[in-house]
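Chains A and B are the protein sequences, given in the same order. Each residue of the first sequence is one higher than the one before, starting from 219 at the first, in this note's numbering. Each residue of the second sequence is one higher than the one before, starting from 17 at the first, in this note's numbering.
The set of hints was computed from the structure by calculation and includes no laboratory data. Remember, it's a predicted structure, so these values are computed and weren't measured experimentally. Take the hints with a grain of salt, since some may be wrong.
[Claimed, not checked] Calculated cross-link-like contacts (lysine-lysine; reagent style BS3-like; alpha-carbon spacing at most 27 Å):
| no. | chain 1 | residue 1 | chain 2 | residue 2 |
| --- | --- | --- | --- | --- |
| 1 | B | Lys-58 | A | Lys-314 |
| 2 | B | Lys-73 | A | Lys-314 |
| 3 | A | Lys-259 | B | Lys-21 |
| 4 | A | Lys-270 | B | Lys-58 |
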Amino acid sequence: ETGVTQTPRHLVMGMTNKKSLKCEQHLGHNAMYWYKQSAKKPLELMFVYNFKEQTENNSVPSRFSPECPNSSHLFLHLHTLQPEDSALYLCASSQKPGVPYGYTFGSGTRLTVV
Amino acid sequence: QQQVKQSPQSLIVQKGGISIINCAYENTAFDYFPWYQQFPGKGPALLIAIRPDVSEKKEGRFTISFNKSAKQFSLHIMDSQPGDSATYFCAASATGNQFYFGTGTSLTVIP
Numbered sequence: 219e220t221g222v223t224q225t226p227r228h229l230v231m232g233m234t235n236k237k238s239l240k241c242e243q244h245l246g247h248n249a250m251y252w253y254k255q256s257a258k259k260p261l262e263l264m265f266v267y268n269f270k271e272q273t274e275n276n277s278v279p280s281r282f283s284p285e286c287p288n289s290s291h292l293f294l295h296l297h298t299l300q301p302e303d304s305a306l307y308l309c310a311s312s313q314k315p316g317v318p319y320g321y322t323f324g325s326g327t328r329l330t331v332v
Numbered sequence: 017q018q019q020v021k022q023s024p025q026s027l028i029v030q031k032g033g034i035s036i037i038n039c040a041y042e043n044t045a046f047d048y049f050p051w052y053q054q055f056p057g058k059g060p061a062l063l064i065a066i067r068p069d070v071s072e073k074k075e076g077r078f079t080i081s082f083n084k085s086a087k088q089f090s091l092h093i094m095d096s097q098p099g100d101s102a103t104y105f106c107a108a109s110a111t112g113n114q115f116y117f118g119t120g121t122s123l124t125v126i127p
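Looking at chain B on its own, in the form it has when it is part of the complex:
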């Protein structure tokens, strides 16, 4: 059973637009929710992360929205740029346990 479900699989956004990627989970023991960004030929790199005690975290153009009751969290990329074109993975973990990753979203930002 997939622990973290991610959608959409691919996303095309115009430059300057908002990119939104969604993830859902079932395990209420999860207490850490990171997003990773992966460029071709590179490994995933931590982009931003959130804990369930807050509903939103913002770093520059990247924002995580977290809905604990719905067991969902999402990544919003404001003012999307061509340099943001990459694959994005959500993940979840419970303290002391392994990460569970989503299947990834391939984002293409069109100039």
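Just chain A, with the same shape it has in the complex:
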């Protein structure tokens, strides 16, 4: 399998649930990213990982907790979310942060918080 794969594709969770989003890239990239995509808004960068180390956290609430066990896998752990957190969550990867070439997105997880 090639590219950036995200699972699950759709997720419905209650505000008291705990769930995790998974992202896997088979491109040999060293940087991975989480983005939030809401209707009529620019893509919001949430977290950046470079060689498994978190290099950026754009003031994301603590109810979102990322984990990067290796350069190929990225998780987003979710707990006590709010309805306004409903959105498409996109994972992306690139050769390294700050190098825009080869920036590749996954298909996203459509999250609905009820």
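Starting from the structure of chain A, add chain B where the hints point.
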């Protein structure tokens, strides 16, 4: 403050027509300007990109026009086809820094 402003929000074009989407930016440190295409249920995919040392880049039916002095760039889709119906995002980045995306344009090409 929104780093990249994109317009229009939505666009309807007849098949065979020209689709034009515009973006504007303020940060003169930006040196890479890509356009992404996103189909429903898919993530954004790189369509075409330009650096500020050229004023135009063409790939097939897709052309980026870049105006450095006006700090504007635009995507032109010639001979638009129904298969081009998607959401288009412009973006900008400065080397070593993150991307900033526009709000997206929903393009519908009517057969």
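So, going through the hints one by one against the coordinates:
1. Of the pairs offered as hints, the one joining Lys-58 of chain B and Lys-314 of chain A holds, with about 23 Å between alpha carbons and a cut-off of 27 Å not exceeded.
2. Of the supplied pair hints, the one linking Lys-73 of chain B and Lys-314 of chain A holds, its CA atoms being roughly 25 Å apart against a limit of 27 Å.
3. Simply put, Lys-259 of chain A and Lys-21 of chain B have alpha-carbon atoms about 11 Å apart, close enough for the 27 Å limit, and the pair holds.
4. The straight-line distance between the Cα atoms of Lys-270 of chain A and Lys-58 of chain B is roughly 25 Å, inside the 27 Å bound, and the hint therefore holds.
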